[in-house]
Structures are given as C-alpha cells and as structure tokens.
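Undergrad: Add chain B to chain A, keeping to what the hints say.
Protein sequences, first through last, are from chains A and B.
Each residue of the first sequence is one higher than the one before, counting from 1 in the numbering used here.
Each residue of the second sequence is one higher than the one before, counting from 281 in the numbering used here.
A couple of the hints might just be wrong.
[As the list claims (entries may be wrong)] Some chain B residues close to chain A (C-beta under 8 Å, calculated; not the full set):
no.	residue
1	F405
2	V406
3	L435
4	V486
5	A495
Don't read these hints as lab results, they were simulated from the structure.
Keep in mind the model is a prediction, meaning the values are calculated, not measured.
We treat Cβ as the ideally placed atom computed from N, Cα and C, and that holds for glycine.
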Amino acid sequence: MRELLTMWRDTRMIMLVAVVAAVYAALLIPFAGFVVVPGITAVRPGNVIPVIFGIMFGPAAAWGSAIGNLINDIFAGTFGPGSLFGFIGNFFFGLLGYKLWGNLGPLSSGVEPDFRENTIRQLVEFVAIAAAASAVCAAIIAWGLEVLGLFPFSVLGTVIFANNLIATVVLGPPLLYLTYPRIKEMGLLYPDLLHDEDVPDVGLGRARTAALGLLAVSIIWVTVGIAISLGVYNVEFGVAQGETFGQGGATIQIVLGAIGFLLVLGLTAISGERLSRLLD
Amino acid sequence: MSSSPSLYADRDTFIHRLNARSKLALITGLFVMAYSFTDPVWVFVPLAASFLALVAVGGWPNFKRLSFIVVALFLVGFAVWPAFTHSGGAVLLSTPVGTLTEREVLFALGRSERIAAFIIGGLLFVTTTSNEEIVAGMRSLGIPFAFCFAVGTALRLFPTFLGSANTVRQAQAARGHEVGGNNPVTLLRSYIPLLIPVFMTAIRNVQTQAMALEARGFDTRGDRSFYNRQPFQTVDWAVVVVGLVAAVVSVALRLQGFGTI
Numbered sequence: 001m002r003e004l005l006t007m008w009r010d011t012r013m014i015m016l017v018a019v020v021a022a023v024y025a026a027l028l029i030p031f032a033g034f035v036v037v038p039g040i041t042a043v044r045p046g047n048v049i050p051v052i053f054g055i056m057f058g059p060a061a062a063w064g065s066a067i068g069n070l071i072n073d074i075f076a077g078t079f080g081p082g083s084l085f086g087f088i089g090n091f092f093f094g095l096l097g098y099k100l101w102g103n104l105g106p107l108s109s110g111v112e113p114d115f116r117e118n119t120i121r122q123l124v125e126f127v128a129i130a131a132a133a134s135a136v137c138a139a140i141i142a143w144g145l146e147v148l149g150l151f152p153f154s155v156l157g158t159v160i161f162a163n164n165l166i167a168t169v170v171l172g173p174p175l176l177y178l179t180y181p182r183i184k185e186m187g188l189l190y191p192d193l194l195h196d197e198d199v200p201d202v203g204l205g206r207a208r209t210a211a212l213g214l215l216a217v218s219i220i221w222v223t224v225g226i227a228i229s230l231g232v233y234n235v236e237f238g239v240a241q242g243e244t245f246g247q248g249g250a251t252i253q254i255v256l257g258a259i260g261f262l263l264v265l266g267l268t269a270i271s272g273e274r275l276s277r278l279l280d
Numbered sequence: 281m282s283s284s285p286s287l288y289a290d291r292d293t294f295i296h297r298l299n300a301r302s303k304l305a306l307i308t309g310l311f312v313m314a315y316s317f318t319d320p321v322w323v324f325v326p327l328a329a330s331f332l333a334l335v336a337v338g339g340w341p342n343f344k345r346l347s348f349i350v351v352a353l354f355l356v357g358f359a360v361w362p363a364f365t366h367s368g369g370a371v372l373l374s375t376p377v378g379t380l381t382e383r384e385v386l387f388a389l390g391r392s393e394r395i396a397a398f399i400i401g402g403l404l405f406v407t408t409t410s411n412e413e414i415v416a417g418m419r420s421l422g423i424p425f426a427f428c429f430a431v432g433t434a435l436r437l438f439p440t441f442l443g444s445a446n447t448v449r450q451a452q453a454a455r456g457h458e459v460g461g462n463n464p465v466t467l468l469r470s471y472i473p474l475l476i477p478v479f480m481t482a483i484r485n486v487q488t489q490a491m492a493l494e495a496r497g498f499d500t501r502g503d504r505s506f507y508n509r510q511p512f513q514t515v516d517w518a519v520v521v522v523g524l525v526a527a528v529v530s531v532a533l534r535l536q537g538f539g540t541i
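The shape of chain A in the complex, shown without the other chains:
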C-alpha cells in the first residue's frame, strides 16, 4: 500500500494520474451511452477506464479515476458532499484491477492482460475483476449517499454496479487487446515506472488471499446491502431509513458499510500485485 503514496515522487506517474483523470472526465461527459433514467444514470463507455487503466497503470489509475470523477462532478454540476464518496469509490474502482490481476488463484489466467493467449481464462479473470471493482465502487458510493440520506442503498447500489459492470465487461477485453501491447511498448506499464523498492514485495499466498478476500468482500457487501435495503433477511422493509441519528440511513446499513469498508482497507493494505512478475 506504500506505493500509493511513494508513486507521487515519480514525474511520469504524476503525469499518468493527470492524464487518466482528464481522459476519464472527458469521456464520461460527451459519450453518454445508453440512457437508463434521463439525468440520473446511463451506461457510459467511459466507465471502462478505471479497470483497464488500473491493470496497466496501477496506483496512478486509482488516483486518476478518483480525480477524474471529481472533475466530472465539478463540470457536470453535481459537486457536493457526495463527491467525497465518489472520490473514494472511484479510487477503489481503479485500484482493484491492479491488485487482483494474476492474484485470483483458480480464476487467474497467469498471463499478461493482452487477450492474445489463454483468452477464455483471461476473460474469466477480467470479468471477476470487473465485478469486484464495480461492486466495491457501487457499495462505497451507495453507502455514503445512504449515510447522507440522499438515496437508499438499493437504488444506487444496483444502478452503479450494473452500469460499471456492463461497460467494463463489454469494452474492457477489446480495448486491452488493442491498447496493452502499444502501452507496453511505450514503457508506460506501472512495473516499468515504479521504483523497484516501491513495488509491493508480498508473497504469492498472501497476495492471493488478499485478492480473493477483496473479491468476496466487494460482492458480499453490495449484495447484502441491496438485500437489507429491500427488506430481505427478516430486516423490516425500510428499517426506519432516515431515522438513524435523525440524518442518514438505517443503522444496520451504516454498520455493514463500516465493516465492509474496514475489510476492504485491511485487505488492500496486505495485498500485492502480480503484473510485474508476469512481465519477467
């Protein structure tokens, strides 16, 4: 996790953060994609950026996605308290591709993400990563906006998860197929840019455990959060949403979110990366 801070010493990583942020913000606005609810949600092709850039640019893509979403909020006029959760959610949206590729044990393909060999296994691995990244992003934002009392968890949790997942799964593989070899040739993959001492030195077992943990926690958090919000698991429908502290959402939702977020933070702290070893 140290590399998330030490990467700020490298000029090219800083420029990658800026470029990823600008591209992400720039593609979110003009390419509206498939509008689900006008003004609220659309399946945007720009949502593919955090995951594929996360796999290629590592921590720079995580920061870039977070800043890009913030810029989108500023220019789209939706800047507000919810932007903080959008920042954190998109940070993890970009981070999970970096942490998970190659570390998912039986789900991993064991090769670089270029979709030129072992294609089916790469596709399985990519879908798993896209699901985890979309889920953690959706859970963090839905949790935050529920705490702020803006929208129930089930509304945003479902919408964000579906939007992110569809765009990433549909566009990710062909975009990686076309861009990965070129970016590798340009020497801009994160293993080429990070200093050797900044690349996490984590054993395969620990990295795999952390990666599978991140996958499980992300999916469980968003699923249970939506289920609670919809009144499943014998939790009374609505559970007095909006009554907790007189402000935000249901107590159980806030507690679930706090536990989920702490688990994601903890697993991220002990996790490693794999792409640098796959390149060797």
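TA: Chain B alone, transformed into the frame defined by chain A:
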C-alpha cells in the same frame, strides 16, 4: 452542452472575491444545514439561500444548463423515498398496490430538497471559483503539492481531451462509422473505434510532458510559490464564522427537536 465545459462565471461579486477556503466553509455550513433537518420547510432554507446566492453571482445560465439534472434527481428522490420510510398521518392516496401517507410525502420532499440543496450549493462553489483558485485553495489547505499539481494539470487537460473526443467522434462519423444499436451491448461496442484514438493520443502525452517537466527542474518535494496567491482577509474570516455558526446552530436546533417530521 455549451462550447465551454467550465461552469465558472467570471464576475466581480462579493462571493467571487472570497478566498476559496472561506467559500468552502460557507458552502459546508449550508450543507450541514440541509443535512440536519428532515422537515421540508426547514430544508428549504439552505436550498433557497443557495439558489438566491447562485442567481446573485450570475449562475442562472449554469442552473438552466443543469436544471434537467436537478429536476430529474429531485423527482427520482421524491418517487423512491416513500418506499423507504414509515407511514404516518393522513392517507393521501390509496391504491390496490399500497397507500401514500402525509408523512411519507413530507419525508420524500425533504430528501429531494436536500439533494437539490447539495447540487445547487456545489454549483455555487464552482460558479464562483476558477480552476486555479480551486488548486491554490487545496494547496493552502495543506494538501500535498504533487496531488494539487495532478488535479491542476487534469483540469487543464480536460477541455483538450473533451475537444479531442468530439473531434474523433466527428471524424469517425465522416468515415461512415455509426454509433448506435438496439441494445446496450451493441451500442457500447460501437464506441470502441472512438475510444482507441482518444486513449492513445492522451497516453502519448505522458512521456513528452514528463520529459518537459523534468527538463524544467520539476520537483514535487520542494516548496512552491504561486503567482496568484489570494490572501485570507478579515472578510474571509467573517464568512468562515458565518458558515460555522450556521452549522452549529443547525445541529443545536436539530438536537432540540426542531426541523423533524
């Protein structure tokens, strides 16, 4: 969308002249007010204050530009929240599917007003604060320079890439490429020929701009100076106090039981 992506309105109003940090404190005070209450009458106060301030600083065109989003979010919030709260009071609507009570309507209205207050408050901030002031304000709040530099550079590159994205779209359309399809998957796949040129053009900038920065002795660890540093004046302190008082009074009133339904 308008030709300029920026929502900043270059005016010389009282709020424009404030330091970015004091504007942030004022907006935060309004956010806390909107967050503290659930009664739509009480939530209307920060909403109306934000809206009047926005109009006063020349933000009406921005509001018109985004009114569609504000109205849509307001209506969606108003439609979904009754399903997530307890019923109470008089029954306003009874259908075979369920009933709609007075409490549910007031609760949903309060939540929708809160959403609108947050959006309009944020819009007030970006209408009166330029990109450079946002970055300088972040730096003066103690955020590391490298991060501020990345945000500043992204804000500067964003319009360039936005223009590039639109140019690529037009160029591909001129070559006969059609964006569309009957389902989301087909539609999304039609974006691939548009995304690749934008990606690669942007990524190519990284190497050259990094080299240009290093050639000029770029170092994120040294102390930095700003050409246009805004002083934090007495009036800024006064605005911070106003924001703080608004927040504290709102929380105190809420704890006394005011502003709830």
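Undergrad: Confirm or reject each hint.
TA: Here is what the structure says about each hint:
Restraint check, F405 (chain B) versus chain A: the minimum CB separation of about 7 Å is within 8 Å; hint holds. Residue-level restraint check for V406 (chain B) holds (minimum Cβ-Cβ distance to chain A is 5 Å; threshold 8 Å). Interface hint status for L435 (chain B): upheld, as the beta-carbon distance to the closest one in chain A is roughly 6 Å, under 8 Å. Look at V486 (chain B): its Cβ gets to within about 5 Å of chain A, closer than 8 Å, so that hint holds up.
Interface restraint check for A495 (chain B): the shortest CB-CB distance to chain A comes to about 10 Å, outside 8 Å, so the restraint is violated.
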